[in-house]
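Model the full assembly from the supplied sequences, consistent with the hints where possible.
Protein chains: 2
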Amino acid sequence: MTAKITTLMQLSLVICLSIASSFVAGQALNSEQKTQLKQLQSTALQSQLSYQLIESLTTEVGHRLMGSAGDEKAIIWAVNKMKALGFDKVWTEPVTGSYWLRGTAKAHIVAPYPHDLVVLALGGSVATAESGITANVAHFETLADLQAIPDNSLEGKIAFVSYQMTRHIDGNGYGPAVGTRVNGAVVAAQKGASALVMRSVGTDNNRIAHTGIMRYQDKVKKIPAAALSNPDADLLLNQLKRGGEVSLYLNITARTDAEVVATSANVIGEFTGSEKPDEIVALGAHLDSWDVGAGALDDGLGIGMVMAAAHHIGQLPQRPKRTIRVILFAAEEVGLLGAKQYVKDHQAELDTHVLGAEWDFGIGRIYKMTPGVGAQSLNAIRELGQYLAPLGVALSAENNGRAQSDMGALSDAGMPSINFSPDGEHYFDYHHTENDTLDKVQPEALKINTAIYTMFAYFAAQSSADFRH
Amino acid sequence: MTAKITTLMQLSLVICLSIASSFVAGQALNSEQKTQLKQLQSTALQSQLSYQLIESLTTEVGHRLMGSAGDEKAIIWAVNKMKALGFDKVWTEPVTGSYWLRGTAKAHIVAPYPHDLVVLALGGSVATAESGITANVAHFETLADLQAIPDNSLEGKIAFVSYQMTRHIDGNGYGPAVGTRVNGAVVAAQKGASALVMRSVGTDNNRIAHTGIMRYQDKVKKIPAAALSNPDADLLLNQLKRGGEVSLYLNITARTDAEVVATSANVIGEFTGSEKPDEIVALGAHLDSWDVGAGALDDGLGIGMVMAAAHHIGQLPQRPKRTIRVILFAAEEVGLLGAKQYVKDHQAELDTHVLGAEWDFGIGRIYKMTPGVGAQSLNAIRELGQYLAPLGVALSAENNGRAQSDMGALSDAGMPSINFSPDGEHYFDYHHTENDTLDKVQPEALKINTAIYTMFAYFAAQSSADFRH
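Residue numbers (UniProt numbering), protein chains in the order written: chain A, 1 to 469; chain B, 1 to 469.
Read the hints as simulated data drawn from the structure, not as lab findings.
Just so it is clear, the structure is predicted and the values come from calculations on it, not from any experiment.
Any given hint could turn out to be false.
Because identical chains cannot be distinguished in the list, a pair is counted as satisfied if it fits within a single copy or across any two copies.
[Claimed, not checked] Computed cross-link-like contacts, DSS-like style, restricted to lysine-lysine with a CA-CA straight-line distance of at most 25 Å: (1) K219 x K321; (2) K276 x K321; (3) K38 x K241; (4) K34 x K321; (5) K73 x K106; (6) K344 x K89; (7) K276 x K34; (8) K241 x K344; (9) K340 x K73; (10) K83 x K276; (11) K83 x K241; (12) K276 x K89; (13) K89 x K106; (14) K276 x K368.
This is the structure in structure tokens:
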């Protein structure tokens with residue numbers, strides 16, 4: 001290294017320190033609290049608690065779709081764990097909805113060249129006739145291409161949308177891909193198709209399909225909908241490229257039992273604030289998962305992070321000023337039922353939720369935080385940003401952050417929020433698949449993310465800033 | 001870059017050129033042939049033929065286990081392709097054996113925490129009773145640990161061997177892992193176990209199990225044998241770590257129909273030598289595959305490479321001096337039946353096979369060649385090494401090369417051979433799984449490897465070197 005470079009680096013350091021010191025005046029945390037914050041960082045970075053919670057949940061419960069036996073076990077698991085972790089209060093709030101049963105899904109190419117296909121029913125799909133459907137395939141590269149053809153022009157055909165999700169660090173390939181999953185069956189039915197088959201919304205190349213929620217519309221015929229694994233979608237395309245007719249067999253036995261109202265619950269635990277117990281810092285994750293895989297990433301990671309973060313703070317000699325509330329939402333995957341119920345149940349006291357964040361975005365390290373708060377509190381947010389910067393978190397210049405998944409519903413209802421963005425490059429390799437298992441958790445990233453959530457929650461609970469819009 | 005470094009590089013270049021020129025005297029190829037060799041390299045590097053062959057095989061045939069419908073289709077496919085590619089002679093030689101039918105394999109953890117497991121029967125396994133087996137698990141970290149316990153000490157238990165294959169560039173983690181697959185059921189039966197369950201021999205972390213051949217021994221009870229995916233083996237271990245009894249349910253419906261003698265065939269094609277038609281340069285691959293996946297890597301890659309290599313040489317205005325014979329072996333996966341039959345059928349003329357190489361090692365680029373030839377021909381091999389060096393191939397200092405898989409049987413019978421070693425780091429992520437599909441082929445590595453095989457075959461066919469031991 002040349003002397004010139006060294007001097008430049010020293011100069012930069014001086015500038016950085018100057019910037020840091022400019023935040024000393026009017027800081028949210030006093031020096032004792034700053035010491036505690038550092039201790040919490042150290043505790044979280046050394047603790048394996050968040051990993052242990054995910055290991056326990058995936059080993060002892062496994063997957064847990066709304067209304068299933070696993071869902072029921074998960075609620076008991078969460079209540080018991082919260083009690084064991086020393087939460088001051090633990091309770092459940094009922095959430096009702098319908099219970100969709102996956103049954104089986106089988107598919108194969110009939111002609112020109114027979115092959116078995118790896119396929120999963122989309123969540124909520126109706127069944128095929130018991131004997132299945134055999135039909136020629138009508139191929140569309142995108143949902144827009146399917147939308148563009150005349151209504152009732154696909155009679156007797158299976159619509160196949162082959163759009164492939166792209167990989168990005170912020171997961172922005174998901175948006176353009178997921179529309180087919182959610183709305184594809186309605187569009188295909190309007191065109192007269194007897195079923196929708198789509199390429200999985202996922203970035204991997206495994207013979208493993210990705211499920212996820214889909215929707216029907218009143219007055220539009222309900223047709224079965226399924227996702228092919230990426231390699232199976234490739235194979236179907238390669239047969240289509242040869243120019244002749246390609247026919248598929250599809251058999252799905254899924255059903256939603258309309259008679260049964262399934263009961264689940266939001267599981268809620270608190271460390272009660274010492275000075276302002278009625279002001280709530282909210283940490284969220286969802287307890288349910290798809291019925292494939294073990295829900296280790298989606299959202300075992302969130303469960304582990306927010307429970308561990310609250311526990312670490314609860315181990316301090318004194319409770320922080322504000323209450324820290326952990327909300328483990330029910331039935332996120334099947335349509336944010338737990339979040340909607342929470343907003344309904346807590347409408348009158350939503351303005352006591354002073355700041356909230358959820359974790360429901362998988363494996364990678366957090367690299368950015370985006371606040372969505374009243375402008376008067378941005379200095380406090382910048383102070384938090386300073387504390388989190390050494391963990392690799394950059395503060396976004398935007399102030400339009402919306403909390404992730406369930407808590408997005410609380411953000412929309414007015415709750416000040418922070419959205420923490422992780423490296424999402426590999427998340428959609430595993431999302432909503434059998435491959436969502438414990439081995440995919442990255443313990444080091446998990447420790448860092450848990451530390452960030454711990455420090456965020458402590459900061460928000462000790463700060464006297466008013467984050468409201 | 002400093003002037004000093006530039007000068008050093010120029011000096012190195014001069015040294016390299018000097019070394020190269022020292023091979024001019026007594027070279028195997030004359031200047032016209034060297035020009036042809038370069039043309040062949042250029043042709044192979046630009047051609048997509050090897051990829052197209054794999055695409056065709058995996059799309060139009062799919063998997064092809066000895067004796068299956070796919071096997072029959074693959075033989076017809078190979079004969080037709082060889083004819084279309086202009087081979088001078090194409091014929092088949094029958095290979096017989098038994099046909100193993102996989103049926104279904106299901107497993108789940110019964111207690112303490114129920115979970116479905118992803119499992120595949122090992123190739124050749126017998127079935128469980130129709131109602132399956134439910135038994136406590138006896139865990140062993142290695143096959144040696146299982147071997148070390150007293151005979152008949154596992155009555156009423158399922159033996160579980162959890163050894164995990166390690167990842168290496170040369171695939172050397174396979175050897176220590178595969179013994180459990182091949183011999184584990186015999187050892188477990190000797191100990192009195194009712195079934196063997198093992199962690200898959202594979203380096204991936206997918207919910208996809210790896211199959212592969214296993215063996216029984218006369219006078220030892222035949223017990224069912226199955227492989228768990230790596231994440232499922234982890235889950236089972238995590239339940240075992242809790243200390244209590246863990247029980248498994250296993251149901252396998254596989255069978256070998258002893259009444260049926262399955263017929264398959266080695267498919268053989270030649271470009272006949274112009275001067276020494278009775279001297280054979282042999283290129284091998286195997287046409288069969290496991291009945292999961294599409295056999296794109298194992299051994300579609302070999303099929304594509306050796307057929308394309310021979311075709312490129314066959315497009316020259318004149319045939320090389322020696323015959324180039326492509327042998328697509330039957331039934332490699334179930335015990336090298338095609339190779340053993342070939343050695344038997346061609347015993348009398350094996351010494352006319354002047355040099356041979358197979359490709360049955362997957363995706364990665366070749367980085368090394370190891371000859372197994374008579375010492376008198378090592379100068380010629382060094383010359384070949386010079387031609388291949390620009391493609392990244394290092395010549396091993398050893399002269400103990402044995403051809404891969406099937407052709408290993410020909411090496412053992414005395415055929416001079418070359419073993420080309422590829423980057424095998426990712427091969428065992430996909431080996432013997434449903435994930436062995438076209439998308440795993442790396443087109444650029446395939447082009448380079450095809451160029452290497454093309455140049456190797458041309459060199460061996462034009463050279464007058466005697467490679468015999």
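Hint check results:
1. Proximity of K219 and K321 under a CA criterion of 25 Å is satisfied in neither setting, with 53 Å inside one chain copy and 75 Å between copies.
2. In the homo-oligomer, the alpha carbons of K276 and K321 lie at most 25 Å apart inside one protomer (5 Å), although the nearest pairing across protomers, at 93 Å, exceeds that limit.
3. Proximity of K38 to K241 under the C-alpha cut-off of 25 Å is found in neither arrangement, the shortest distances being 60 Å within a copy and 34 Å between copies.
4. Taking the shortest alpha-carbon separations for K34 and K321, only the intra-copy value of 14 Å comes in at or below 25 Å, while the best inter-copy value is 83 Å.
5. In the homo-oligomer, the alpha carbons of K73 and K106 lie at most 25 Å apart only across protomers (24 Å), although the nearest pairing inside one protomer, at 29 Å, exceeds that limit.
6. Taking the closest pair of Cα atoms, K344 and K89 come within 25 Å of each other only inside a single copy of the chain (21 Å); across copies the shortest separation is 78 Å, beyond that limit.
7. With identical chains, the CA atoms of K276 and K34 are at most 25 Å apart within one copy only, with a shortest distance of 20 Å there and 86 Å across copies.
8. For the homomeric pair K241 and K344, neither the shortest alpha-carbon distance inside one copy (51 Å) nor that between copies (43 Å) is at most 25 Å.
9. For the homomeric pair K340 and K73, the shortest alpha-carbon distance inside one copy (22 Å) is at most 25 Å, but the shortest distance between copies (56 Å) is not.
10. Proximity of K83 and K276 under a CA criterion of 25 Å is satisfied intra-copy only: 22 Å inside one chain copy versus 85 Å between copies.
11. In this assembly of identical chains, the alpha carbons of K83 and K241 lie at most 25 Å apart only when taken from different copies (24 Å versus 59 Å within one copy).
12. In this assembly of identical chains, K276 and K89 lie within 25 Å of each other by CA distance solely inside one copy; the values are 16 Å within and 90 Å between copies.
13. With identical chains, the CA atoms of K89 and K106 are never at most 25 Å apart, being 46 Å at best within one copy and 43 Å at best between copies.
14. In the homo-oligomer, the alpha carbons of K276 and K368 never lie at most 25 Å apart, since the shortest distance is 29 Å inside one protomer and 70 Å across protomers.
Hint compliance for this structure: hints 1, 3, 8, 13 and 14 are not met, and every other hint is.
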